[in-house]
Every structure is written in C-alpha cells, then in structure tokens.
Amino acid sequence: MDIDSMDRDALLDTLHKAQKLPEDEKKVAAVRRQRDEFLAPYFEETEAGRQAKQARKDALNKDDVKDLRQQLRIADERMKLAQHPVEIQKKFKTRSIIAVSVLVVLGLIALIYGKFFITGSSTSNFGGTTKRLVTSIYTMFFFLAIFYGFYRYFYWRKYRPQLVKYAQKKKDELKPVQAKLDDIKTDLAANYDEAIEPFAQSYNSDDADYREIISQLNQQEQIVKEDQAALETIPENVRNVKDMNHFTKSLEAGHAETWQQLMEAHDKQERQREEIRRKEEAAKQAEANKLSARQRNRNNGQQHHKG
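Numbering (this note's numbering), first residue to last: 1495 to 1801.
It should be emphasised that the hints constitute simulated quantities derived from the structure, not laboratory data.
It cannot be assumed that every hint is accurate.
Said to hold, decoys possible - Lysine to aspartate or glutamate pairs mimicking DMTMM-like chemistry, simulated, CA-CA at most 20 Å apart:
hint, residue 1, residue 2
1, 1511, 1720
2, 1743, 1498
3, 1520, 1768
4, 1674, 1552
5, 1511, 1764
6, 1736, 1761
7, 1521, 1703
8, 1556, 1730
9, 1547, 1687
10, 1743, 1764
11, 1547, 1531
12, 1679, 1498
13, 1664, 1681
14, 1659, 1498
15, 1719, 1730
Note that the coordinates shown come from a computational prediction; the quantities given were computed from them, not determined experimentally.
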C-alpha cells in the first residue's frame, strides 16, 4: 500500500515494523546461530565444513586477536577477584595473624624478661620498672585488639570497594578492545554462516529440535521481510530512527492522522530549525566582525601613536 493512502492505524503499523527491523534481524541471527550449531558437526565432516572451521580457527589464533582476548580475560579475572576476593582476603588474614603473633611474642618475651630477669622490690627502681612493664604489656594487648579491629573493619571494608572500582575502571578502558573483538567475531560468524548456508538448504532431518529451530527461523525471517518492506515504504529522507520515532509519537498523540499531515509538520519544523541555524550563524558572524573591527582600531591606534 502507498504510504500517502494509509490511515492512522496503517501508518502506526508500518512505523512500528520499520523501527523493529534491527531488533528482529538480531533475533534471526540468534536462531540462525542455533541452526548452525546444530548443523556444525555434520557440516564439518564435509570438505567445505573443514575449510570453514579451519579458517575461523586460524583467524582467532592470530597474534592480534589473541592479544585482544588476553586483555579481556585479565580484566574479567580482575573483576571476579575484586567481587569475590577470597585469595586476597586469605592473604590479609594471614598477614594480620602473623603481625599480631609477632607483637604478642615480643610482648611475652618482654613480660618474661621483666618477671624473671629483673630483680628488686616493687618499691625499688627495678620493682617499679617491672610493674610498669607488666602494665605496658596489658596496654599493648589492648592496643593490639583495637588495631586488629580497626584493620579488619575500616581497611578491608574500604579496600574491597576500591578493588571493584579499580577493576571496573580497567574494564571500561577496554570497551574499545571488546568492541573490536566483537566486530571480528561478527565477521567470522558471518563468513561461517555464508559457508554453511548451502549445506543448511540441502540438509533434511526429522529431529524434533532441528525442525523446531527451522520453524522459528522461517517465522523470524518472514517478520524481517515484513519489517524491511515497511521500512522501504517510508521515504528515504525520513527513514531514520529520530524521524520515525517522532512520527509515531505524533500519531499516537493524535497530532496527525495522515502521512501528508506528518510531512507538513516535519517540513515546518525543518524550516524553523533552518531559520534558527541561520540566525545563530548571523549572530556569530556579527560578533566576529565586531572583534575584527576592534582589532583593526587597536592596530591603527598603535600605528598612529608610533607615528
């Protein structure tokens, strides 16, 4: 149907289908991958299948691709460790126990030394020293308890979120790497799909799972054809997400009923935008002219002063 003769409901249906095309194409690709995974063991028994498999394997084993995968693997492992820091936590506990044990042993040595190797009454200098030493030992135990609690609660509780934050930062920095690797995998999958397609067209099986996959694939491909036809119905100059979304909202809000009304409103908005753009350009040019005039006057004044 010609878009100019469509009513409101037909226009909405056309716009909805056109906007769904990218999403539905992804669904087709997903079902096609299921089909290819099912067929892969049979396809790779053929010469064409062995060549396609080897080509994909060789591409993934290239040094630049392996480097990309290694970077992402390290980032994933860092994030897993930050979110579940069992090994780090064990190290922290071990170091804490060792540190406290060393201090306790030193305290006991000091206590034993004060008890058995320092002589004199409690009122003498030596005895008073012993009492002070024992008091110091108890104080040290109390300090160790506070220190350990502070270390476990404040340091570890704050350190763990910092680990996650740092790991996330590193993952974010690798987004371009992930995008590049995704593009490579997409291209490889497309090449494999192209290679397996003739085999898939000629393959027949009574397997229930396979028949279900083929049924879903046929349904999704039909939906994509309808979406593509709807998109091609829309004029190319407004065949974009922004305009199609605006038209859909206008129809749903009752601001328009026909394609002609939509285009009239669209053209009016475009003229308004163009007018605003021209005014902004004129204002910028006028400001630039003022600055140039001031600079010329300043230069002329300096030359006159020198003369």
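Each hint, compared with the structure:
no.	hint	result
1	1511 to 1720	holds (7 Å)
2	1743 to 1498	holds (18 Å)
3	1520 to 1768	violated (37 Å)
4	1674 to 1552	holds (17 Å)
5	1511 to 1764	violated (25 Å)
6	1736 to 1761	holds (14 Å)
7	1521 to 1703	holds (18 Å)
8	1556 to 1730	violated (41 Å)
9	1547 to 1687	holds (11 Å)
10	1743 to 1764	holds (17 Å)
11	1547 to 1531	holds (12 Å)
12	1679 to 1498	violated (42 Å)
13	1664 to 1681	violated (26 Å)
14	1659 to 1498	violated (55 Å)
15	1719 to 1730	holds (18 Å)
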